[in-house]
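> Dock chain to chain to rebuild the complex, using the hints, since each chain is given by itself in its own frame.
Top to bottom, those sequences are chains Z and R. The opening position of the first sequence corresponds to residue 1 in my numbering, with each subsequent residue numbered one higher. The opening position of the second sequence corresponds to residue 1001 in my numbering, with each subsequent residue numbered one higher.
If you are wondering where the hints come from, they were derived from the structure by calculation, not from laboratory data. For clarity, every value in this text was computed on a predicted model and none was experimentally measured. Where is the CB? At the ideal position from N, CA and C, for every residue including glycine. Any given hint could be a false lead.
[Said to hold, decoys possible] A short list of chain Z residues far from chain R (calculated; beta carbon distances all over 10 Å): (1) S8; (2) L17; (3) D39; (4) A65; (5) M82; (6) W138; (7) P146; (8) I223; (9) L248; (10) L251; (11) T307; (12) G342; (13) D351; (14) N356.
[Stated by the list, open to error] List of simulated lysine-lysine pairs, BS3-like, C-alpha gap at most 25 Å: (15) R:K1205 - R:K1244; (16) Z:K324 - R:K1096; (17) R:K1096 - Z:K265; (18) R:K1208 - Z:K133; (19) Z:K253 - R:K1201; (20) R:K1242 - R:K1205.
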Amino acid sequence: MIENFVFSLLLILAVLLFTKNVRRIAQNILMGKKAGINDQKPRRWKTMARVAIGQSKMGSRPISAVLHIFVYVGFIVINIEMLEILIDGVFGTHRILAFLGAIYPVLISMFEILALLVILACVFFLTRRNLVKVPRFWNREMTTWPRSDANIILVTEILLMSSILVMNAADGLLQERGHTYYAAMGTFLVSDMMQPWFAGMSEGALINLERATWWFHIVGVFIFLNYIPYSKHFHIFLSFPNVWYSKLGPLGKMDNMPAITNEVKMMLDPSGAQDMPAEGEEDIGQFGAKEATDLTWKHLMDAYTCTECGRCTSSCPANITGKKLSPRKVVMDVRDRMEEIGKLVGKKGKDATDGNSLFDRITDEELWACTTCNACTHECPVNIDPLVVILELRRYLVMEKASAPGEINTTFSNIENNGAPWQFSHEDRMEWAEK
Amino acid sequence: MAEKEKMQVPVMADLVAEGKKPDYLFWVGCAGAFDDRYKKVTRAFASILNHMGIDYAVLGTEETCTGDPARRAGNEMLFQMQALQLIELFEGYEIKKIITICPHCYNVFKNEYPELGGNYEVISYVDFLDQALANGSLKPDLEKYKGIRITFHDPCYLARANDIVDAPRNILNLLGGEIVEMERNRYYALCCGAGGGQMFKEAEKGDKEVFIERTEEALKTDPRVIASACPFCMVMLTDGIKYKNREEDVKNYDIAELIALALGSNQ
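One chain only, chain R, in its complex shape (with noise of 0.2 Å):
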């Protein structure tokens, strides 16, 4: 791997302290931040963004969780408090737009935080980067990916849970991959098994794991890249391919990351 350089990525705190009010907040997201696999994706969407000129910024140290996995575990009064803070640190940056690169963070803000008074455009990386690879402000090599079987992971917080499924297709078309559907895709798909608090504790007892299921499924399509766009699916395909030892021949990667290696600027 090449040795990487330290990226430019425009902080909110400084921004507003030279008076300046970005047009997007870029929410990076806890496993964006700290987990070591997604870090990569967040410095893949972060390099597109610089790359297309977007005028944003990130909260950098000032993040913090958005309590949606204490919610999920059934942990209201956590979830409320962290919600709470941040709809107050959002007021104080007057941010309308919040561009996520976690469908869980996405959906929490969209779907849950306007009913504790914080009200925000609310868009997921996929459907921007859809966009932006429709009105062609992003020019990828379209050569790239040409005859490489490609299947997608839908996250169910994108697919199930906010109706989020043509757009990473169409991307991967874009792209000029050869798709190749699982057998249960799109609203059918299969989850991870790291949603609803699931990431951070053992699994129950059962017969298999549900990332060794979901992995099995996706090797059923015989594909060279498994695409997905959350990170705690990409943990858990990670992991699976590496139970299946298929790490020398199947990667696994987020679409961003798969743009922004057919843009030359990734990493």
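So here's chain Z without its partners, still in its complex pose (with noise of 0.2 Å):
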């Protein structure tokens, strides 16, 4: 009886803390301008579909996809399992879902073989990331913490796999040995096989091992679960919202800003302008990103479900060739900004500051090197666009601190003075033809 209502009490801890470090993100994703993305619906579930639930873009990459499909399924389809024990937890039965009978054993081996594949495929991207550094993970922005993190969630999926697979090792010897308790259930295929490393125990540490694990895996559940909204992790849940708000139209087209189209239009010709809707008349604000909040709340959400990877910074050719450019980082730095603005904003109040912006974390160095090519937005197997972030912060550079690179300047000015980024004269753009 004490278990079940200290087993409860965890659950609606865990539970409670979860809502709030959820709130915390969706909080500090809000703070994001408006992106107003509702269009095209069939296309956004579409694009979900494949993208996200069918992990289409993993496969440039066969063997972390395929290691990632284990630990992806193995996530989803174990959850059943979870189910189970929150059943068990709370009214203090024994596998509840045994009622199921023949179907029974099936689905629990069924869910063997996945932690089994889980844990394989964890021990494989364990020895990717420290043993044969692969250099993706090695990166300039991977520093301890973020290698850590990933050692961190690698460990626990292999902890909590190999609970439950000892469990129902001790359970299935219990059903062997005929204890009441533990009702004979047919044979799980994947513990079956460890049952002999337990034989020697006796019935009553077989118990005691049997209920350590179920406790050990399912406290440990609650507290990872806990941890996620702190980790990199926590792309288990925004990926699929983050691949539905994605981008769709051709990778090529950037952002208009219609707030200079007035400007322009105004320029161009005085008088027409003023037949222009009213959206121009409204205070046009700044041009560009200096702040993670200057990003709308998509772009926040990017960086939020970015899961450090790499495959962005990989495919970058500034970043494959040494220049300081890294898509990751990017994202990277939008998020960590976010985290700081959001801490910032729940001590001091909505509208507090601490002096700092993106540009205190991205220097003007790495956004000059972006050759815009889109490498790092096709990669994304979840859709994040590292690009429009460089752009946006560009802009700013650009059009409220005038200060871009000389001879990019030098590049304005001939646009605007000869209609050509070179120095040359209108009157010569038919010599081509001419011999």
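Written out as structure tokens, the structure is:
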């Protein structure tokens, strides 16, 4: 009885804490500007089904794609067993789903196979990160915390899966020995093979082992659940909405700035501009982004969705050739800055500032190294758009700070004066046909 | 090189003055007009248009920058100045269809001008040529590139930006060359290093220039020809080939030039 009470208390605590954490992140994301993404719903559902649920963009790197599928499917399917554990925990039942009869051992066996695959995948992942040292896990932005975060997640998953298997092995042994509480339910495929490891244990010890692993698993899940909002692992929740809200059109299309259109129309034709819709009469505010909150909420959701896999950075031409720019770092910087702003606002109220901005994290050198080639946006398995952040920051640099590299300024004045990025005259535009 | 003659190229203002309304605007682009290497591509494509008897015209001295490099370098104001002026000019000439030989111009016309009120049928010369070859309106010499190893460098603004990856390969296949793919190709192609305003400035500090990385990758396929379809890529790859001292045995051609050469109608 006391067990059920303790369990229920822990469950309520875990859920409340998690809700609080999710609300914190949601509040941070909603500090972004409006984005008004609500169009083409059927296409958005299809994209989400293909890219997020179907993992279609993972396949370009087959090894991590296959390993990731194990963990992903494992996570989703094993959640059915979570349901059983929760019911058992609250009501003091034992394996409530056993009423399914002959299906039950099949179900558990399936979970066990997946658990084994998850363990295997995580061991591979740990090896790739820490022993093989796949380069994209060791870029400049992969400092101690991001690397530890990844390892914590992988080790936790191994522990959680192992505890299920050990628990089932102990349970299976108790079933074989005819313990009344552990009614026979048939063979569990994987843990059955593990039984010899524990066969020498007494009935009491087995019961303790079964209980201990059960508690270890569920308390582990509660802790992990509340670790995730502080971790890159939050992608398991945000990937789906993030893909749903992602850019559908051609990657080459840049966002327009309607505020500028009216300004320009006014310059070109002062009389005609009066017919323009009233939106131009609003305060047009600042051009581009200086601060994370100058980006739209979708770009902030991008940042919280990033799981730091580094596919973007490892395909970025600037990064490949040793420049400082790393699209992953840009996305991580936005997220880390939002965490900072979130804390600040939480402490000192809505309009609090600390005098810092994204530019304290992202240097001009990084921004000017981008070729806008869209390799990063194309690579991202969850349709994050690092390029838009780079471009919004460039817009701020150029239009608010007038601080572009000298050659870029020359290019601007050439376009303005000669109608070409180079200093050539209009008159020579037909030279190619001459001779 | 043979002495080149002046080409007959119809200019929009002249035709309109005569009361004519050509089907297509051939948008040459700044590189097509001013970059010595790409001028040859412009000639090649114009010669193909002439060869096909297409009803087209260029803007000539009225052409100006689309504003694309300004936009990508953060100068939205300058971009929209250029764009809105051009849209007005196009309106005056009642332009409906635009063929571009620059993927950057193609992208900005196709994807970004509509939001500013400029709606046209925008056609990449690569798609145009692909169709012309497929429907038989162009009949190149199919023996010309027999056994010649050609690798194709995908321009970012055709492939990733606008999903044009098959058309250039269809063309090369039809021309009969032996196509060898680079390790990073199609949607995964590595940028030449010139996009996003990089064309007009020195690269940031790093271990290597992007164009060298890409040229090395192209050379790994042991090609005789590195084909491309973008003026900036052309500049970068030409520099790369020079840098690797391979000018003698590896040539860089634009898709349009390869076709024009096979038509025997070039330059």
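> The structure should be examined with respect to each hint, and the outcome stated for every one.
Hints, verified against the model:
no., hint, verdict
1, S8, "51 Å, holds"
2, L17, "42 Å, holds"
3, D39, "14 Å, holds"
4, A65, "15 Å, holds"
5, M82, "38 Å, holds"
6, W138, "16 Å, holds"
7, P146, "23 Å, holds"
8, I223, "40 Å, holds"
9, L248, "12 Å, holds"
10, L251, "5 Å, violated"
11, T307, "21 Å, holds"
12, G342, "28 Å, holds"
13, D351, "27 Å, holds"
14, N356, "21 Å, holds"
15, R:K1205 - R:K1244, "20 Å, holds"
16, Z:K324 - R:K1096, "43 Å, violated"
17, R:K1096 - Z:K265, "23 Å, holds"
18, R:K1208 - Z:K133, "23 Å, holds"
19, Z:K253 - R:K1201, "23 Å, holds"
20, R:K1242 - R:K1205, "21 Å, holds"
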